[in-house]
Structures are given as C-alpha cells and as structure tokens.
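K.L.:
Next come the chains, spelled out residue by residue.
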Amino acid sequence: MRPFTYERAGSPAEAAAAAARNPGAKFIAGGTNLLDLMKLEIETPAHLIDVNGLSLDRMEATPDGGLRIGALVRNTDLAADERVRRDYGLLSRALLAGASGQLRNKATTAGNLLQRTRCPYFYDTAQPCNKRQPGSGCAAIGGFSRQLAVIGGSESCIATHPSDMAVAMLALDATVETVRPDGATRAIPIADFHRLPGDTPHIETSLEPGELITAVTLPQPLGGTHIYRKVRDRASYAFALVAVGAVVQPDGSGRVALGGVAHKPWRVAEADAELPKGARAVTTRLLAGAAPTPENAFKLPLVERTLGSVLAEAKG
Amino acid sequence: MINPGDLEMTRRGLLMGTAATVALTAGAFPMPAEAVVGAAAPQSVPQPDLAPVTSAVSFTVNGTSHDLTLDTRTTLLDALREHVHLTGPKKGCDHGQCGACTVLVDGRRINSCLSLAVMHQGDSITTIEGLGNPKSMHPMQAAFVKHDGYQCGYCTPGQICSAVAVLKEIEAGIPSHVSADLTARPQFTADELRERMSGNICRCGAYSNIVDAITEVAGRQA
Ligand SMILES: Cc1cc2nc3c(=O)[nH]c(=O)nc-3n(C[C@H](O)[C@H](O)[C@H](O)COP(=O)(O)OP(=O)(O)OC[C@H]3O[C@@H](n4cnc5c(N)ncnc54)[C@H](O)[C@@H]3O)c2cc1C
Ligand code: SF4
Ligand code: FES
Ligand code: FES
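Protein sequence lines, in the order shown, are assigned to chains A and B. Residues in the first sequence are numbered from -17 upward in steps of one, following our numbering. Residues in the second sequence are numbered from 10 upward in steps of one, following our numbering.
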C-alpha cells in the first residue's frame, strides 16, 4: 500500500471541500472495497478523507411517502430496516444476497454503489486494463471473460458492475443525492448515475471529482411482489453471474433490472412493458444488441430462464 | 485462472491467491496510473512519493485501553496482532474473503483486515482472547471444543467471533438470504446458520461440526 495522509471530516461540505483541496484524495466509508484495492495498489490515493463521522447514517421518511437513506447507512441496517423489509423487499433481498455478514456490517450505501468491477484483469496489475490504466488495452477481450459483460460493452472494456444493491436501486427508481466541493447539491436519477464504458472505462459514474454522496432516496412504495434472484457459482458469498431483480404486480405488469450483464445495472423501459407477455419477450427486449463472448454467451439463456422462474414465483 | 479479486475460489485458489497477493505487494511492478472514479483526467493527478505517515489512535481491546501511534496504512488486524500483540485474530487472505480476521467492534462482527486502525478511534474491540480463555471459556468456545469444530484451528478464532455475533443478529431479527419471509422473525435453523456463517471459510472443512456447535449454543439461548 502507498503511504497516505488521513483526515476525519466533520460535515458533508467539509468533506467535499477537503477533496477539492487534495487532488487524488478519496473518501473512505466502510473501506471494504477501497482498502482491498489500495493493498494491491490499484487505488493509490495520497490522502484519505474518512466520512464516517458525518451524520449520514440515518433513514427517514420523505414528505412524498418515500424513504431517504443516508449515504453511511450500513448494508446490514438497510436490509434489516422494518420499512425496507415491508415496502422495498427487493432492496433487502438484493443486499442480503451480497458479500458476507461481516462485510455488510461495514459496507455503506454510497460505497456499495461505487464499488469497482471484479474483472480479473482489473485486479492483475501485470495485465493491460483500460479501466485501471487508461490506454493500456483490455486483457479481458479475447481473454477469460466468463463473468464479464454481454451487453453495453465497448472495444475498450467489457467489465460488469458487481453490486447487487444497485440492481434493486435501479428497479426502484432511486435518486442519488450529492454535494459538490463548491457546496452545491444535486439529485441524480440512478439510471443516469452509472455509465457505460465507451472509450473511457475509468470513468464509471456521473459524479464529479470531489463530489460526495449524501443520501439515496426511494420514491413511494410500489406494492407488488419483490423478488431478487442471484445465480452464482456457489450458494453464498459469491458475485453474480446473472441476477434478476423484479417487482411484479398482480396484473402481471411491473419492472425488471439485471445484474452481472453490463458495466452498469441494466434496465430497459420497453422491456418492462413486455412483462405481461412473459420471460422470452422481456429478455428479447432487455438484451437486444447483446454481444457476448463465446465464454459468456451462456448468460443470455440464463437471464431468460432466471426471469422465467422469477415470474413463475411471482404468480405464486 | 486465479485472481485475488475473484471470490469464486477453490481451496487451492485461496492459497494461491494469497501467495499471489504477497508476491504482488512485495515485488516491483509497473505502477498503474490512478483511476479516479468519476474524475475526467485521472492521469493528470500527480502522485507524490509520500514518506510513511503516522497518526495517533486510541481504542479499547478486550476491556483494556490502548493509545497507539501507527502508520496510517496499518489495518485493524495488523494493529491487533503486531502492536497489541493479540494473535488470536488470524490473517488468512487479507482481502475480506475468508473471515479468519473476524473481530467484534462495538458488538458487531467485521473483517479486521479490511479496516484501518486509525478509523477505530474510541471503539471497543473484542477478539477471541476477550471472549474467554482456557480456564474460563465462552459457551461458544466450549461448544467448538466439545463438537470438534476445527482441525488445524486457523479459522477458529474468526469462526467463534462470527458465531457469537450471528446468534445476536438472529435474536435482533436481522433477516438473511435464506429467510423465507422477510417480515417474520428469523429462526435458529441449520440453514440460517450456514448462510450467516458463509463469510468464514474453513480449509479443513469442519463445517458440519461448526454448525453442531453453534446449534447447541443457540438451543441453550433460545
Ligand atoms: C470478499 C467480498 C465479497 C463481496 N461480495 C459482494 C457481493 O456478492 N455483492 C455485492 O454487491 N458486493 C459484494 N462485495 C462488495 C461490497 O459490497 C463493497 O465492498 C461495499 O459495498 C463497499 O462499501 P464501503 O462502504 O466499504 O465502500 P468503501 O470501500 O469505503 O468505498 C468504495 C468507494 O466509494 C467511495 N465512497 C464511499 N463513500 C462515499 C460517499 N459518501 N461519497 C462519494 N464517494 C464515496 C470511496 O471513495 C471508494 O471509491 C464484496 C466484497 C468483498 C471484499
Ligand atoms: S474488461 Fe475493463 S476492467 Fe477488465 S481488463 Fe478490460 S478494461 Fe480492464
Ligand atoms: S484475513 Fe481473510 S477476511 Fe480478513
Ligand atoms: S480448522 Fe483448519 S481452516 Fe478451519
């Protein structure tokens, strides 16, 4: 790990301003992704701004009947919150399908959204990787790509976003609230938050340098049946090969988002509209234009079958 | 294909991944430019070669307070092992993948390898040494002995700290991936225990005896 200076921030504005003062600084929340990457010198911040002292660890009802989740609410506490379990079951389920009990106790809402890819070549500093070292190439294209993206990739990068929670947030139309170094705040719809790789795979979100996430807000509960189905190589404590998050209403309408298929959680409005027609119709729309590698082409039928099983479960 | 970031690990993969990590951190290799999430021009960020930085931190370990001055890079695990000289918490993978380093911080279990010591100012930390000792064992320690919940014992301190926290989590009504009904009280079933303990890997495969040990303590508590 490279040496770094460390400070504890006292308020969100202070944290954002500290980031502006220290180019190359990083916020640290749970540390479960950042420290992992710092040990491998994939992340090399010269300065860490500890945001754990900010009082962003609360959850509160919003005036319009939604829920505002502080950026520092731990994944365990979010999944266990009574309102989330009752009204946003998809979110609880997605969180509980991720990582381990120990990790969820530390991992935060903001850190989870910003966790970086698990592409094996991103982790291997001896390999070219445009995300880790822009312009160096992509070892995954033509390499071991079983876990990687089948849609939305580019000639620069075919990595996937590893978060389970983010899939649920996308299906639930969450909004990411931030404060910028100049103190200005904004609200970013989750659909505009994560980016596709294009030719700049090192730019993963629409956040600006030094911009701090303060909360993630959920709109009013949707009702319906909430299901998160994660398919992985072992029954627990593994990242998704494919994940399907769905909210299905009694009349068969609803919404669906996928994990494990793209550089960001994946949702297509026209595909939601096909839900009453069944898994094949939805999958055709969701994955139109997919460009899998020979190693990960299995994900396409896997999505359809997983969605089929989710819709069957929703019917009861 | 072995890579340290990949969780789909076989036992052999776990060992090799650990070896690869050691090789990576010890050896010279090309330094990647920093990839700043959300930043437009990551390569323009200068990387000053900082000398090691130290910082003071105070926390309580097993009821005793410690004032330490540590390199900011020191993980909680290394602080406990190298500075507080408690070698109960083990370093298996050093990357959050095995659970050998599990300790309780203010009663919650965490992976001490993925947490910086300086971030624990004022915290109260419990390691396996604080749960009990050979003369006065914690019920969970006694149950692991009785049920042979280990072979080599390397994962055991983490397993026991985790198990103690798991029973509290179930009691507190925190659901798990295998809880059938999110809104009902979770039960102390073997399925629940297995899922909740999945962050603790045992290379010796003592899993079934570990579940027996935890089940016995859960039964006594219930
Ligand atoms: C072994 C292992 C298995 C895992 N399995 C899964 C899994 O199955 N599914 C899954 O979804 N995840 C999994 N994870 C990932 C885990 O969910 C993430 O590491 C965690 O959510 C990150 O949260 P954190 O608070 O620890 O983030 P940190 O590591 O503290 O930060 C991550 C990033 O977010 C930035 N950041 C943090 N807070 C803010 C803020 N408020 N504003 C702006 N930037 C911020 C940091 O600068 C950093 O770049 C796994 C991790 C490990 C180690
Ligand atoms: S797929 Fe993306 S993350 Fe993986 S090696 Fe290629 S550029 Fe790097
Ligand atoms: S040493 Fe393996 S999880 Fe910490
Ligand atoms: S007892 Fe040997 S690793 Fe678990």
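It is worth saying that the hints were derived from the structure and are not from the lab. Hints are not guaranteed to be accurate.
[What the hints assert, rightly or not] For each label pair, taking beta carbons as the anchor points, the in silico distance ranges come out as: (1) Ala65(B) x Ala255(A): 51 to 61 Å; (2) Ala181(B) x Asp174(A): 49 to 59 Å; (3) Ser133(B) x Ser118(A): 37 to 47 Å; (4) Thr63(B) x Arg128(A): 53 to 63 Å.
[As the list claims (entries may be wrong)] According to the in silico footprint, chain A covers these stretches of chain B (three or more CB under 8 Å from chain A): (5) 145 to 159; (6) 179 to 185.
Cβ coordinates follow ideal geometry from the N, Cα and C atoms, glycine included.
K.L.:
For each hint, tell me whether it holds in the structure or not.
P.N.:
Hints, verified against the model:
Range check, Ala65(B) to Ala255(A): Cβ separation about 59 Å, and the 51 to 61 Å hint holds. Our hint of 49 to 59 Å for Ala181(B) and Asp174(A) is violated, since their Cβ atoms are close to 36 Å apart. In this structure, Ser133(B) and Ser118(A) meet the distance hint of 37 to 47 Å, their C-beta atoms being roughly 45 Å apart. Distance hint for Thr63(B) and Arg128(A): a CB-CB separation of about 44 Å, inconsistent with the stated range 53 to 63 Å.
Under a criterion of three residues with beta carbons nearer than 8 Å to beta carbons of chain A, the stated coverage of the stretch 145 to 159 of chain B fails, only 0 such residues being counted. Counting residues of the stretch 179 to 185 of chain B whose CB falls under 8 Å from any CB of chain A gives 5; the rule of at least 3 is met.
Comparing the model with each earlier hint shows violations of hints 2, 4 and 5; every other hint is respected.
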